[in-house]
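Chemist: So the sequence lines, in the order shown, correspond to chains G and X.
Numbers 1 to 417, taken from the working numbering, label the letters of the first sequence in order.
Numbers 1 to 386, taken from the working numbering, label the letters of the second sequence in order.
It should be emphasised that the hints constitute simulated quantities derived from the structure, not laboratory data.
A quick note: this is a predicted structure, and the numbers were derived from the prediction, not measured.
All C-beta atoms, glycine included, are put in the ideal place defined by N, C-alpha and C.
Do not take every clue at face value.
[What the hints assert, rightly or not] Ranges of calculated distance between the beta carbons of each label pair, as one might list FRET restraints:
#1 X:A376 - G:L339: 24 to 32 Å
#2 G:L396 - X:G337: 40 to 48 Å
#3 G:P80 - X:P307: 43 to 51 Å
#4 G:L330 - X:A42: 53 to 61 Å
#5 X:A376 - G:E331: 18 to 26 Å
[What the hints assert, rightly or not] Below, in silico cross-link-like pairs of lysine-lysine (DSS-like), each with a Cα-Cα straight-line distance of 25 Å or less:
#6 X:K326 - X:K265
#7 G:K323 - X:K326
#8 X:K351 - G:K394
#9 G:K103 - X:K326
#10 X:K326 - G:K279
#11 X:K326 - X:K262
#12 G:K323 - G:K279
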Amino acid sequence: MDLYYTREDEEFRARVRAWLEANLPREKLETLEQQRAWHRAVYEAGFIGMGWPVEYGGRAARPMEQAIVGEEFARVNAPPTLNGLGIAIVGPTLIHHGTEAQKRRFLKPMLTADEIWCQLYSEPNAGSDLASLRTRAELVGDHFVINGQKVWTSGAHRADWGLMLARTDPDAPKHLGISCILVDMHAPGVEVRPLRQLSGSNEFSEVFFTDVRVPAEHLVGELNAGWQIAQTTLSYERGGNTLSRVSRQLALFHRLLQVASRLERDGRRAIDDPVVRQKLGQMYTEIEVLRYGSLRILSRLEKGIRPGPESSITKLYYSEMDKRHQELVLEILGPYGQLIEGAPSAYALQDGVAYGEPGSWAYGFAYSRAGTIYAGSSEIQKNILGERVLGLPKELRADRMQAHPATQAQAGGEGGA
Amino acid sequence: MDFEFSQDQMALRELARELLTERCTSAHVRAMMEDPAGYDPALYRQMGDMSLLGLAIPEQYGGSGLGMVEQAIVLEEMGRVAYPGPFVAGVVLAATGIQASGDEAAMARYLPCLATGELTMSFALLEDAIGWGPEVVAMRAVPAGDGFVLSGTKRFVPFGATADVILVVASTGDGPGDVSLFAVPRETPGLTVEPYGMFDLNAKTCALHFDAVRLPGDALIGDLNGGAAALDAVVQRGAVAACAEMLGCARKSLEMSVAYAKVRKQFGQPIGSFQAIKHKCAEMLEATENAHSATYYAAWALDAGAPDARLAVSVAKSFVNEAARKVCGEAIQVHGGIGFTWEYDLHLYFKRAKHLEPLWGDTAWHRERVLEEVLAGRVAGAAAGR
Ligand SMILES: Cc1cc2nc3c(=O)[nH]c(=O)nc-3n(C[C@H](O)[C@H](O)[C@H](O)COP(=O)(O)OP(=O)(O)OC[C@H]3O[C@@H](n4cnc5c(N)ncnc54)[C@H](O)[C@@H]3O)c2cc1C
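Chain G on its own, in the form it takes in the complex (with noise of 0.2 Å):
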């Protein structure tokens, strides 16, 4: 064991610092050009897509390196670049399975935000069983044509291409009729509804698909494949960078201890109110667990073992304390923590934000019930806890005893994008 950074990551560590004091924007990005202005400058600075393989335009940087530019950027809570599902999931997903064609043709605008992504797995009766898609994607000749409806696809309404799983034959078994394809968003027959969320922001959509037409070569995988290949995008997604989520929650942290040093609460600071003390003791206790976890992630990460499904409970602990500790933040603040608009600067945690715009101590409070949802909801890794790793039995489903025997050897897959 030595937990120390070793000289190297510490020197990098520094030029990554280095490089966000000369170039982090002063003015908040506001347009959709000013956001690509800033992601094609971190991309520049070879901040984007670092994993990736350098004939791919990455820089096969070692996951420690990831980890300290996810850890650095969120610490100074740099504006987010763009593609963030792309860089993240289509990437990898294309770099594993697609075609070299595939990768010549997608990943370097990928890598640009020149292409924006997004990820349409999710449908309005297949969430937690993605397995159960409907939306239909026919092989006609050269090209499958597609019907069918997406839902809660975040980013739908800015994406120019999809990562989709859509069934390719209807009578597989659930798990084995699905592939994956790549599918334009600017294509005829796509229509995009935004949705607006809980938080007031309009991030995820519903997208219905009519006829669409998409050439034969965007099928990633083999046909019928894909939903092993959307196993291992998901495993992407769980396994993802938890030491900037570190860096983000010792931020709200920190701000949250400046404001209840000032916030006076029943006559004396809420700093010097013993209960409130103790659940702050708590929440910083909470994070540093988060982070001794991540760097055991990590320490594993450089050693060439990839997490398994015990990813599963970084997701799980990670997203159940976010919410509680913005339930604790809008305990300890009272109605300030509800504030959006007129926030007096010395209680808010940024100023001038407006209703569902992230910088609001309650965006973040209508966030985190999002956290245990997505990418798996908490009871959904806690099923993979138990049967995947702790070897428990499998439930009694339905679909399992009605289904094609060969479903039952497959059906570990619960999803969830």
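Fit chain X with the ligand to the known structure of chain G by using the hints.
Modeler: Same frame as chain G, now just chain X with the ligand:
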């Protein structure tokens, strides 16, 4: 960055596991409940022969010169079997006190025989009041001739009834931090032992009554009024040792629960297929893995002298206290009625974890310290906030 155990550390774990599986069976643990000494001296000496006692003792004093991480590895194994014995009292608490006192004569005198197991020691801090700093010490050591006279009562002294020598914290000055350490042989006239019975019958503790106990000058360990720093080191290491033992209790309880949930059938199916049970087991796994990360991070931070070592210790103790309580308690729920029997071993772990929870700082005490460390900026370099 390497959070994995080294080959040597894995081998140490195997060694400890083999020894304890063979020698510290459930039958042994239960027999020791009734035993007034509460432990098997032969097993203890064997640990000395196998170099398990001197892990954290410097090589020049007959130890292996390793640290808290290695001790934690062994203690986790001890937690798995609810080992009863004076390991923590001697080679964690007393040895840390002596080393942290900087008193080389005392180190040369005590550490080598602690490492072999020829000598057992304990550490006496608590009196009527509960607390973990020098301010709780009311017992005074009054100078008399070349030596000192001690009067008063120390409570909750671990394996104090059998320890050859007890390291006693006593007040020697007027300030609240003016405490000193004294090595007191248990056979000293005026010192009487009153054994306690604890909820965990294997956690032997006692009260020590000091009735004008006269000590020679060389009983003083370290500088006069210089005991606070040593006490602090003992609390830090005592807390991490408790974490490691609680972690072992949790890990064992989790394993037993999962194994049981696979075979016990109700309503025609294994109870582990019910989500209420499966999800409980998943949460127990989550708590146990997080407890592992917290315990070993803290142990490493102490060994490395990391800037966030105190923070890490308080994070670990407050977190593992709750994690182990939850896991050991829920294990009983997963087992149903059989989990509530004396016959079944779950209560051994449940009680050991509970025993350790208030010691060397309970959850609330450590949470307050976490906040103090953060407010003072003593956090890990890279994690420092804005
Ligand atoms: C903010 C946000 C962004 C999203 N972005 C995307 C995206 O970009 N692309 C995309 O494809 N999807 C996206 N999703 C959708 C997300 O993946 C699904 O919401 C998720 O998989 C859950 O599916 P569902 O909403 O249909 O809920 P359901 O599956 O109907 O679940 C409802 C409740 O039942 C529980 N439940 C379901 N099955 C089980 C079971 N077997 N055992 C125990 N409990 C169970 C769930 O845990 C949940 O509590 C997003 C969701 C959110 C909230």
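Chemist: Each of the hints needs a verdict: does it hold here or not?
Modeler: Now for the hints, and whether the structure bears them out:
1. The hint said 24 to 32 Å for the Cβ distance between A376 (chain X) and L339 (chain G), and at roughly 31 Å that hint holds.
2. Between L396 (chain G) and G337 (chain X) the C-beta distance comes to about 25 Å, which lies outside the given range of 40 to 48 Å.
3. Restraint check, P80 (chain G) to P307 (chain X): a C-beta distance of roughly 31 Å breaks the suggested window 43 to 51 Å.
4. Evaluation of the 53 to 61 Å hint for L330 (chain G) and A42 (chain X) yields a pass: the beta carbon distance comes to about 59 Å.
5. A C-beta distance of roughly 25 Å is found between A376 (chain X) and E331 (chain G), which places it inside the suggested range of 18 to 26 Å.
6. Distance restraint check for K326 (chain X) and K265 (chain X): the Cα-Cα separation of roughly 24 Å lies within the 25 Å cut-off, and the hinted pair is therefore satisfied.
7. Under the criterion of a C-alpha separation no larger than 25 Å, the hint pairing K323 (chain G) with K326 (chain X) is consistent with the structure, at around 20 Å.
8. A hinted pair counts as satisfied when its Cα atoms are at most 25 Å apart, and K351 (chain X) with K394 (chain G) does not qualify at roughly 32 Å.
9. The straight-line distance between the Cα atoms of K103 (chain G) and K326 (chain X) is roughly 49 Å, outside the 25 Å bound, and the hint therefore fails.
10. This hinted pair checks out: K326 (chain X) and K279 (chain G) have alpha carbons roughly 19 Å apart, not beyond 25 Å.
11. For a cut-off of 25 Å, the pair hint linking K326 (chain X) to K262 (chain X) stands: about 21 Å separates their Cα positions.
12. For the hint linking K323 (chain G) to K279 (chain G), the alpha-carbon distance of about 14 Å falls within 25 Å, and the restraint holds.
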